[in-house]
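Chains as they are written, first to last, in my numbering: chain A, 628 to 983; chain B, 56 to 600; chain C, 174 to 536.
Treat the hints with caution; some may be incorrect.
[Said to hold, decoys possible] Within a straight-line C-alpha distance of at most 25 angstroms, the following computed DSS-like cross-link-like pairs (lysine-lysine) qualify:
(1) Lys-801/A with Lys-108/B
(2) Lys-694/A with Lys-933/A
(3) Lys-801/A with Lys-181/B
[Claimed, not checked] Calculated Cβ distances over 12 angstroms to all of chain B for the following chain C residues:
(4) Glu-374
(5) Arg-472
(6) Tyr-474
[Stated by the list, open to error] In silico negatives: residues of chain B with every beta carbon more than 10 angstroms from chain A:
(7) Ile-130
(8) Pro-488
(9) Pro-511
(10) Ser-527
(11) Leu-532
Derived from the structure by calculation, the hints contain no laboratory data. Since this is a predicted model, take the numbers as computed values, not measurements. Don't be surprised by glycine CBs; every beta carbon is placed ideally from N, CA and C.
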Amino acid sequence: MSFTKTRWTGLGFATWLLVVLLTGCGTPSTPTANTTPTVATGSNDTLVIYSGRSEALLNPVIAAFEKAHPTIKVQLKAGKNNELAAAILEEQANPQADVFITTDMLATINLAKQQVLMPYQIPGTDAISSEYKATDATWTSITTRARVIMYNRDLVSASDVPTSMLELTDPKWKGKIAAANSSNGSFQAQVAVMKQLLGDTQTTAWLTGLVANDVQFFGSHSDVRKAVGSGEFALGLVNHYYYELQAHEQSDNNVGVSYPDSKAGQMGVILNTTAVGIIKGAPHAQAAQLFSAFLFLPETQSLFAKLNYEYPLIPGVATSEGLTPLDSIKTVQIDMQSVATNVADAVQMMQSAGIP
Amino acid sequence: MHSWQTLIGTLRRPPSLIWMVGVCVAIIALIPAIYTVVRAFEAIGNTPLPPSKMLQSLIINTVLLASGTALLSGIIGISQALLIERTTLFGRSVWRIIAALPLAIPPYVLGICVLALFRPRGIIEKWLHTTLDMPYDTLPFHGIFGVWGSAVVLALSISPYVYLPVAAVLRQGSNHLSEMAQLSGTKWHTQLRHVTLPIIAPAAGGGMLLCMLYALADFGVPALLRLPTFSTAIYGQFTGQINRGGAALLSLPLILVTLALIISEERLAGRGGVQINRSWRPYVPHVLGPWHWLAQWGLTTVSVAAVGLPIGTLLFWASQAPSANTIAWGTLIQTGLGNLLFVTIVATITTGLAIAPALLLRRGGMIGVILTRCSQAGYALPGVVVALSVVLVVNRGISTLAGSLIPLVLAYIIRFLPQAVQSLDAAFMQIAPAIEEAGQSLGRSAASVLQRIMLPLAAPGIRAGWALLFLSMIKELPATLLLRPAGFDTLAVRIWMPASDGHFAEAAYPALLLIVAALLPLTLMLSTHHHPSTSKHEEAAWKQS
Amino acid sequence: MEAIITLTQVSKQPPTARLPIVNNLSFDLLPGEILVLLGPSGSGKTTTLRLIAGLEVPDHGEISIHGIPAFKNGRQSPPEARRVGMVFQDYALFPHMTVSDNIRFALHAYPKPTQQARIDEVLRLVGLNDLGNRLPHQLSGGQQQRVAIARALAPAPPVVLLDEPFSNLDSAIRDHVRSELRTILRNANTSAIIVTHDQHEALAIADRIALLHEGVLHQIGTPEALFTQPTTRFAAAFMGQADFLAVHAVGTHLQSELGALQFVTAPPMPNNAPASILLRYDDVRFVPAPDGNAVICQRTYEGPLYHYRIQLPSGQQISCKGSHDSAYALGSKGHITYNTPHPLVYFAGEQAVGSVIPHTSHA
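Just chain A, same shape as in the assembly:
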């Protein structure tokens, strides 16, 4: 009996291999077939995008781009900003990516310093204010976002919501706050800005205050918004669109938002941009330029505004309905180039304070 069973297993295994091999070979776009690096220049039927922002947010844009340029097939590799930045550095000798999209201006600035981005004056970006672009045109901001405090309306009344980042260390919020951890670019950028504005001592005190207040540090902002939406935590330190995303959920959507430090005399709301750059030596540079320009078409900018509630940088593109207009509040005014040199120190400060 056992003999026949072994027979059957053998037969099953053979069938399995056969099926896998046949179907695998039959599929026209098996990975092995089309991933051999294409020789640079000229061939512009492919475009390889490395993106620090998530697939879900970029896919609609890519779909629109492919529709506009049917000969170009886009290949997207999404990950974390720094992970992909490091990959770009390591692939310097033989670049794989054409375009890099980041969700953190400071990371972009620091990558540009490593001479891996190609200058390109993207058409249609003249109206973008110079603080959001590289002087050598190696990168250009796409959209901007604000650091905010979101809250659960079941647990916190609007009048109690902190109006300053500095209030988050108030013991009355002990154990009630969720935030991202020290590996998060947006949080790092916020601390780098605060370090520049408030100085090391006050920033360190704030960070240790957060740890003392038992803030729960999550791996991602998505976790933070869900935890606040569900009521597990009362407050969440996030980028503004996470609040919007949670508020537009089917359930767990009874959340509110505070744009902190936006009054006169306060430091202002901290902003950070998403940005795009073309990789030096990009195998499909022409397609990369097409795509970069595509990002700043009013329709594309409007996609970012609608899908992810971000602030478009092209004048005249409407923000999503109900979004706090940035020109009505005080925002941080600071030279991001100099803040960018702070990032490593800021991360060190966060970790020394005990933020995982």
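Please arrange chains B and C on chain A, whose structure you already have, making use of the hints.
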């Protein structure tokens, strides 16, 4: 001369081809460890480490998680094996399959499901709150986070690493000791403690150490359940900044711990292994009587938690998908098939490559053993570190390959080679040394003995090892995320991407596909585990006599 | 005659062992000869066999096979090149191959068309003509052993090595298989080295016996020589039941409590020098006598005879056989007399020094 022979094992020397392949494989496998050590030494001094308080809690968390996972896996796996193989439990043949099923479910998928169900204000709390009107504060689920939550989830997922080898020993092992104990009238629990447990101790210990190594390297589950460990800290260092020095520094202790664990595993298992006894007799199972229901209940609980719960949750999410057109079925199926093809090929290559080190471990003298052991240093390295080292080597050495599938293939081979070597070593260990010696004394070359005697006899074990490799590879995530060329996807990536943004419905389909895809190799593995050719022969011989 | 296998001062000490397993071992195997390596477990006999087969490497010494060095100056020829057949203790048949295929595996040097004929030939030789298509697990232990022998003999090696070939067999068939093996080896005109720990087996099958103890060769010679003229007390005791009766030299005699013995071969020892003589249980006889000073203290029935332990006046016990026709009760008294036509070996310390014959025969 004598010392040289002990070093390279001149007697019954493996063919020089095996030596060549073995050395090459060891060099490839050493890439991550060398990379980590070099980077770590570069980093010393100029890369700030996390503050000592944080390091302390990392160490404590990691140690607790690793030992907790090992302990729980041990308890689950050993009880399952004892109940299924040594009692009159009803439905044992079905339980045999169910107990191995968790292998088909990635731990991070179980983690995601557990989190969705049990987190504070999660699905269950919400349901209790709305239907039973229970206030949230009275609900008990805050404990799912941290060490114990992570350990339970991991243990439920990987307890087959203990169950499978222990069950195999119980099925094949000599029964004389147990019979003697029965004759001398000892109680079943004395028998268990003094006879059965010592017999299964090497297999159980080996399995539990594997679980420990797994827990050390795993990123997904502790990250989901909010437990900072070395792995999550390495990942944080790595995603938090471009500089990789910090990640390397934190990886260094993991390498050392892994080496220590692997060496102790060898001590524990002993190089002798369980060789099938001539006088094999089927065991007379212990009659459970009224305890039967308790046993059934216990097994059911574990399997529901490890298998039923994730599959049920995934099916629920799948049914919640807003509409069919949001799921790109064509792409998904294509991804799945491409993934299967890829894993089939890479698992086969890895198994082939592992033959050389496994033989060197057996016959290669001291250098052979050292080569093989070194190549296992990366066992508990997080996939990220393996991937990074591969990126580095490829870009420094063969940069034209960057961006192709080759780096990913390399990373898979390096990550899972230790497991493949372990399986093959176990398979070869089932063959009595005299069989191999007989082959050579009959005037055949070592290569011919390998091809005609060793490989055919080890075939069932090699098949099972291949299947286990397949299962591990199809679940691989961190190295794939980093190294996949743009445009290449795996089911695991398709699960992780939407799930990390909270789109569970979208993650459910690839997860279910992955589980289905894992079932065939799993059955392949189980069928070999249940009918080892050797015991089949013994059985037949016994029936004849 | 040219030796087939020569070992010269071969030693082997594993790195972890405190003492050498094989210590300065030298011996020859002559053509057509059956040499038995005999010794208690741990004496190094199996290691010696494996050294010859090339499965282990000596530390020192030389091994030559068919006149060609197999191990010399640290150079080692691989097992497959030695043309030595080997039969393993548990036979090591390949479980996934039929009996024929097991044998065929050894016949790679034979042209394909002639292989089957040779397989049939060796199967006939071992008396398993019809079992070629069986798998090893379908055979009894005795049949498996004969397949192993057939496989070892198939390529017609001038010598086969057999490691404890009878240990896995029931004692009922062991005697039969033993004489059969001897016939098979004779018919195949093959020399053999057989390892065993059983001296009865060794006596029955060997042309010569090499007796090993703790890695050292104690004695090598015909079975008769080892049994009747042991060179050490160990050899004397290991080859069969033995008592050592304390004696001392008195002039040209050795004086024992059983009477004087006269030196035969060796020069006389100094007066009063202590020594011992080897007594097997058929070398003495018990003559019942109420006034006797020897007392029966133990009696074992062994079928054809009784085996008595007898206490002498000095307190020493010796063995003595008695006819199965008449049994003496425990406690019976009597005299012990020498009952031997052949000389008795005597030892000074561990070493045999010479032989003696009873001064006055009471027969």
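Hint by hint, here is what the structure shows:
1. Restraint check for Lys-801/A and Lys-108/B: the C-alpha separation of about 21 angstroms stays at or below 25 angstroms, so the hint holds.
2. Note on Lys-694/A and Lys-933/A: the hinted pairing holds, with a Cα-Cα distance of about 19 angstroms set against a maximum of 25 angstroms.
3. Restraint check: the Cα-Cα separation between Lys-801/A and Lys-181/B comes to about 24 angstroms, which is no more than 25 angstroms; the hinted pair holds.
4. At roughly 21 angstroms, the least C-beta separation between Glu-374/C and chain B is larger than 12 angstroms, which holds for a residue marked as non-interface.
5. At roughly 33 angstroms, the least C-beta separation between Arg-472/C and chain B is larger than 12 angstroms, which holds for a residue marked as non-interface.
6. The non-interface label for Tyr-474/C is consistent with chain B: the shortest C-beta to C-beta separation is roughly 30 angstroms, beyond 12 angstroms.
7. At roughly 30 angstroms from the closest C-beta of chain A, the C-beta of Ile-130/B stays outside 10 angstroms, upholding its exclusion from the interface.
8. Annotated as non-interface, Pro-488/B keeps its C-beta farther than 10 angstroms from every C-beta of chain A; the closest such distance is 25 angstroms.
9. Distance to chain A confirms Pro-511/B as a non-interface residue, since its nearest Cβ pair spans about 13 angstroms, more than 10 angstroms.
10. The non-interface label for Ser-527/B is consistent with chain A: the shortest C-beta to C-beta separation is roughly 17 angstroms, beyond 10 angstroms.
11. Its beta-carbon lying about 12 angstroms from the closest one in chain A, Leu-532/B satisfies the requirement of being farther than 10 angstroms from that chain.
When held up to the earlier numbered hints, the structure conflicts with none and fits them all.
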